[in-house]
Amino acid sequence: MTSGFSSIISPVICRVSRITMNMPPKITGEWFHDAGEEPESMVRVLVIGAGLAGLACALEATTAGHHVVLLERSSRIGGRGTTQNLDGFAMGYGPHLFVEKGPLHSLVRKLSRVRISTSPVKLHRLEVVGHGVVRPIDDTTTAVLNKRALKQRNPNNPLVKACDFFSTWGGGQNEQRALALRKERLLVCNEGWAGLVGRLAAALDEVGVFVECGPEVVRIEKGSVHLRDGRMIETDVVVLACGVVSARKLLSSLDDELSGALFSKVKRVSASIIEAGLDAKPLSGRHAVVDAEGGFSILDYHAIHPLLGPGGSHLSALSVGGLAGDAGETRYESASHRLEALKAFLGQRASGWNDHIIHYSQQEKITLHETVGGRIPVDAAAHKGVLFAGPWTESAFILADAAIDSGRQAGRSVSSALR
662 MTSGFSSIIS PVICRVSRIT MNMPPKITGE WFHDAGEEPE SMVRVLVIGA
712 GLAGLACALE ATTAGHHVVL LERSSRIGGR GTTQNLDGFA MGYGPHLFVE
762 KGPLHSLVRK LSRVRISTSP VKLHRLEVVG HGVVRPIDDT TTAVLNKRAL
812 KQRNPNNPLV KACDFFSTWG GGQNEQRALA LRKERLLVCN EGWAGLVGRL
862 AAALDEVGVF VECGPEVVRI EKGSVHLRDG RMIETDVVVL ACGVVSARKL
912 LSSLDDELSG ALFSKVKRVS ASIIEAGLDA KPLSGRHAVV DAEGGFSILD
962 YHAIHPLLGP GGSHLSALSV GGLAGDAGET RYESASHRLE ALKAFLGQRA
1012 SGWNDHIIHY SQQEKITLHE TVGGRIPVDA AAHKGVLFAG PWTESAFILA
1062 DAAIDSGRQA GRSVSSALR
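End of the sequence shown sits at 1080 in my numbering; the numbers just go up one at a time, nothing left out.
Rather than coming from a laboratory, the hints here were simulated on the basis of the structure. Glycine included, each C-beta is placed from N, C-alpha and C at the ideal position. Please note that a few of the clues may not be correct.
Derived CB-CB ranges, DEER-like [unchecked claim]:
1. Arg776 x Val927: 34 to 42 Å
2. Lys928 x Ser778: 32 to 40 Å
3. Gln834 x Pro971: 36 to 44 Å
4. Asn815 x Ala988: 21 to 29 Å
5. Gly875 x Gly1008: 37 to 45 Å
6. Ser914 x Arg737: 23 to 31 Å
7. Asp1016 x Val879: 46 to 54 Å
8. Arg737 x Asp1016: 26 to 34 Å
9. Gln1009 x Asn818: 21 to 29 Å
With a straight-line Cα cutoff of 30 Å, these simulated DSS-like cross-link-like pairs (lysine-lysine) come out [claimed, not checked]:
10. Lys883 x Lys926
11. Lys928 x Lys1026
12. Lys783 x Lys808
13. Lys822 x Lys783
14. Lys822 x Lys1004
15. Lys883 x Lys910
16. Lys942 x Lys1004
Take the sequences, apply the hints, and build the full model.
Have a look at this one:
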């Protein structure tokens, strides 16, 4: 069964709700893009994956004048960049921090009339296991020495390692995020990530992007994609804004040789996570505790931003890497073994936390970072009518900022996929 863009949206559609209070009076290509850009001729663009990269790509391409449809295999948009409000606790998928005036923060601010309430991680409340607080307010000498060490960026310095781990969650050194932490510009938001995704979703609704949740793309061809339910959708450009595994599989259905060349060296960093809403403060006001050597961190959202929770604490803890499939040393037999180690770390550093649980969730294994040797250019398969978007593509940023940046890059590169 063949479908054009005007007829593919079925009753299964996952329409984003209007959040007009957060929106500018009218979103146009002229408003969204930098002044001086010429509007492009309309192109049919099908974006696969409605995480942050897919949402940013759909918005960028639509405001450039293209006709965009966004498909998401799961039942909700936002990917792991989302949260669920439970009695005031924004329960999510591990700790999320974003850079002030980075791609995510800048885009959401541009799309919203209502100001976002943010608060940074403070160095005088960040404890490194074995070294104490990074910027102790009662020890000027240590504070000055630590400040100098962080500025010098010696990768062998344990304090630098710990701050790099905390700012990138095991993604190695990243000067932009290291500077943001040092300048106290690494932020959390009072709305949780669901609020940030909601603002992007409202913008998509404002410009008329169709989002369908549920369909699974099983094959792509030049000029069309095929869904598991039997539908075939004609399109001019496909944007693979999904994970590395799905992107490799779908590109392989179009060009197996190109897929093998681009995705030959996939590397991942995974983590186990625990989220807990508590009626106590086991971190005693500290924003976070970090153990880079063990790959552990505990963050208290409520201590960082008092509006993130009704009181007590909202702990978000993770244990990074250590599995056979992860980059680096293998330290655990299984993901469940790693999760138990994280619980033990919580018991040591947030004593009594499990006696005060209001809400609790855990994940044995999530993917934090995906790389493919180097990172793949957004337009590496443009000659096949395919673009890429996601934190695994080339970008000056990592994590959520890379997702937004690459999505916008892909949206701006639509015309290059037609040449």
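Of all the hints given earlier, name the ones this structure violates by number, lowest first.
No numbers; nothing is violated.
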